[in-house]
Amino acid sequence: MAVAASLGVAACGSSSKSSSSSSSSGGSSSTTAKSSTGAGTINGSGSTFAAPIYGQWGQNLSSQGLTVNFNAIGSGGGIAALQASTVDFAGSDPAMKPEEVTAGKGPVLQFPVAFGAITVAYNLSGVASGLKLDGKTLADIFLGKVKKWNDPEIAALNSGMKLPSTAITVVHRSDSSGTTKGFVTYLAAYDPEWVKVAGAPDKTAKWPVGTGAPKNAGVASAIKQTPGAIGYVEQAYALQNGFTTAAMKNKAGQFVVPTLAAASAAAANSPVPPDLTISTINAPGATSYPITSQTFIVIYADMCKAGRTSGDATSVKKFLTYGLGDGQKVEQQLDYAPLPASLLSKAQTQLTQMKCNGAPVS
Amino acid sequence: VEASAPTVSGGRSVLERSPLSRLPDTVLKFGLAVIAAGVLILLGAFFVVLVAQSSSAFSHIGVFNYLFHNNWDISQLGQGAACDTGHHCTFGAWPMLLGTLLTAGIALVIGVPVAVAAALFITELCPRRARAPLSMLVDLLAAVPSVVYGLWGFIVLAPKLRGTQQWLADTFSFLPFWAGHVAGPSYFLAGLVLAIMILPIVSAISREVIATVPVEHKEAALALGATRWEMMRMAVIPYARPGITGGAMLGLGRAIGETIAVAYVIGGSTTVGHSIFQQGQSLAGVIALQFGEAQSTPLYKSSLLAAGLTLFVLTLVVNLIARSYVVRAGRIGDKGPGRFSRFRRSGGGAAAPGITAIEPETL
Chain W
143 MAVAASLGVA ACGSSSKSSS SSSSSGGSSS TTAKSSTGAG TINGSGSTFA APIYGQWGQN
203 LSSQGLTVNF NAIGSGGGIA ALQASTVDFA GSDPAMKPEE VTAGKGPVLQ FPVAFGAITV
263 AYNLSGVASG LKLDGKTLAD IFLGKVKKWN DPEIAALNSG MKLPSTAITV VHRSDSSGTT
323 KGFVTYLAAY DPEWVKVAGA PDKTAKWPVG TGAPKNAGVA SAIKQTPGAI GYVEQAYALQ
383 NGFTTAAMKN KAGQFVVPTL AAASAAAANS PVPPDLTIST INAPGATSYP ITSQTFIVIY
443 ADMCKAGRTS GDATSVKKFL TYGLGDGQKV EQQLDYAPLP ASLLSKAQTQ LTQMKCNGAP
503 VS
Chain A
-11 VEASAPTVSG GRSVLERSPL SRLPDTVLKF GLAVIAAGVL ILLGAFFVVL VAQSSSAFSH
49 IGVFNYLFHN NWDISQLGQG AACDTGHHCT FGAWPMLLGT LLTAGIALVI GVPVAVAAAL
109 FITELCPRRA RAPLSMLVDL LAAVPSVVYG LWGFIVLAPK LRGTQQWLAD TFSFLPFWAG
169 HVAGPSYFLA GLVLAIMILP IVSAISREVI ATVPVEHKEA ALALGATRWE MMRMAVIPYA
229 RPGITGGAML GLGRAIGETI AVAYVIGGST TVGHSIFQQG QSLAGVIALQ FGEAQSTPLY
289 KSSLLAAGLT LFVLTLVVNL IARSYVVRAG RIGDKGPGRF SRFRRSGGGA AAPGITAIEP
349 ETL
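Protein chains in written order, with our numbering: chain W, 143 to 504; chain A, -11 to 351.
Treat the hints as calculated values from the structure; they're not laboratory data. All C-beta atoms in this analysis are idealised placements derived from N, C-alpha and C, irrespective of residue type, glycine included. Among these hints, one or two may not hold up.
[Unchecked claim] Counterexamples of contact, computed for chain W against chain A with all Cβ distances above 10 Å:
id, residue
1, THR311
2, TRP349
3, CYS498
4, SER504
[Unchecked claim] Computed, partial: chain A to chain W, Cβ under 7 Å:
id, residue
5, THR14
6, GLY168
7, HIS169
[Said to hold, decoys possible] These stretches of chain W come out as covered by chain A in the derived footprint (C-beta under 8 Å, 3 or more residues):
id, region
8, 271 to 280
9, 360 to 371
10, 376 to 386
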């Protein structure tokens, strides 16, 4: 389990070109094998956040003759590749927007596959994990209005806790990322000034203070080496580095520690639109971790009309059937939160909508 | 010579080879011309593609707004139509343009004096036996991959220099763009790392140019009672100045184009910092860090390619200026008989193999 987790982190941190499981048994070019047994090769690209999951799924499916190549180039790149139909599926952290769908080759199906807490990690000697923060305070820290750790605004939330007067060093992502979008969406929800200063929530922001570092691994290392630093990293990185993380105040007014269960709770408590394009940031519910992000697998509803073969469609269906079945257990081992039961059954139902030239995919 | 040779009918020399045997020459000439032209065509193609791809950003935002507006707010572009419908779109790359120029400037201020000093020491002062190994060591700095410089700057230098930077920021806080809380990565740190990265090229060119100073000039200075320092100041440096300037400009070109090392140590903030100890971003850095996510948003992608075009033009201009300086250095040599003759001949011989091909003609 620990090995699997560290593998996953390593794969994501280095944004490896292909978190794949190249099956040595081959069979990738043989179309006859593809159509009859579902064996074959499928190609995806996109989300670096979810890359370890797809890598592990691929590895587990390789014994069944299915090779999964996933190119972790970021969600935006994955969507662009799907629009050009150069891949079978895209991995994207935010759901594909309607205007992005229209720029593609047809209607799409979006499957939520995993959730993850975006943790607020800090490096503050003498202060243990579980410092309480709310959206407004966090926004003020990231706006540069709260400059010291013993600022009254932080102290008010943590009565009885002894806070040092260390200067706060804000650390953020310097590359554009879905993690950033999730994080600033939470800030913007609690502080109207955020949008004025840093712009509407998107994959990068106009950070008024602080220092940027590339990727989760860069932010993690900057937090580690800077006393007084605060930053946001995906949960796996916080666990890996043994970071102290903040308990964040959610919509229901509760302070929630980032755990896999709290991330799954956020997913269970979020409203699910008919096309499953769920957004779990600032979810309602007392047990929901408020800064929870989601990741999707996006495919064309009719892959064959978008230029893929029926064999490809069968392989993708097999891949998704596994991912929305046994694959969910794998996610926990990799420090991701699986889908809650209600959402999982909706996603499995959506799988039956897959078509090849109008006919259902076997 | 041919006139005295015996001839056969048709006026051809018996020694002359048949026209067909000259064919390899023709093929060679043609082949090399095609390959050489390929370089130009490639460069042209880059330019055309960059212009074509960035045109939508420039037409929506305006060239001036794009270059000089301090507002890299991609959410404006994410909403797609925001810039089309007459809505005032103030999206601009000024923070990155400034970051590129500022870090490259800091790199020159720190790097060039060190590089020239190293070149002077190696050519004028150091024992003859140590010359070659020392030059080689300095040139070896160029062999370190830039990502290693970046990681070293980010992981080792940033935490180690935080105190120093803070001290500098506090002590000289009366200077403009100087004060503030130091986090680690900053314009200054990026400039420092770049200074190390441009050292080898500036030093190699300076060494080459200083080696061309005629021995007579130096001996004359010494004979008139000059000290070593006075000799360098009055005979060597004035003579070598255009060449050194050219070398510095080439170093500037290198600093402007450097991507991954800067991306690690500049701090990745797409706003203009208040002091050189604050965080910013460079044109090359923003492309490297944001291109992956930009691909599904056409105007965002176009804006990053526009940053690429800006960088291309900037580097081109700097290199043209560098070239003109080095060529001028060559021309000064032509004025007096014998001056610079050694520079002309130095092609592969004098000092560092590999970097010695820095002759005025070939630049």
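For each hint, the structure was consulted:
At roughly 5 Å from the closest C-beta of chain A, the C-beta of THR311(W) falls inside 10 Å, breaking its exclusion from the interface. At roughly 5 Å, the least C-beta separation between TRP349(W) and chain A is not larger than 10 Å, which violates its mark as non-interface. Chain A leaves CYS498(W) outside its interface by the beta-carbon criterion, the shortest separation being 25 Å against a cut-off of 10 Å. Even its closest Cβ contact with chain A, about 31 Å, leaves SER504(W) beyond 10 Å, as expected for a residue assigned away from the interface.
Taking 7 Å as the C-beta cut-off, the interface hint given for THR14(A) is violated, the closest approach to chain W being about 44 Å. Checking GLY168(A) against chain W by beta carbon gives a least distance of about 10 Å; that is not within 7 Å, so the hint is violated. The closest approach between the C-beta of HIS169(A) and any C-beta of chain W is roughly 6 Å, which is under the 7 Å cut-off, so the hint is satisfied. By the rule of at least three residues with a Cβ nearer than 8 Å to a Cβ of chain A, the coverage given for the region 271 to 280 of chain W is violated, with 0 such residues.
Check on the region 360 to 371 of chain W: 5 of its residues sit with their Cβ under 8 Å from a Cβ of chain A, so the three-residue criterion for coverage holds. Look at the region 376 to 386 of chain W against chain A: 0 of its residues bring a Cβ nearer than 8 Å to a Cβ of that chain, fewer than three, so the hint is violated.
When held up to the earlier numbered hints, the structure conflicts with 1, 2, 5, 6, 8 and 10 and fits the remainder.
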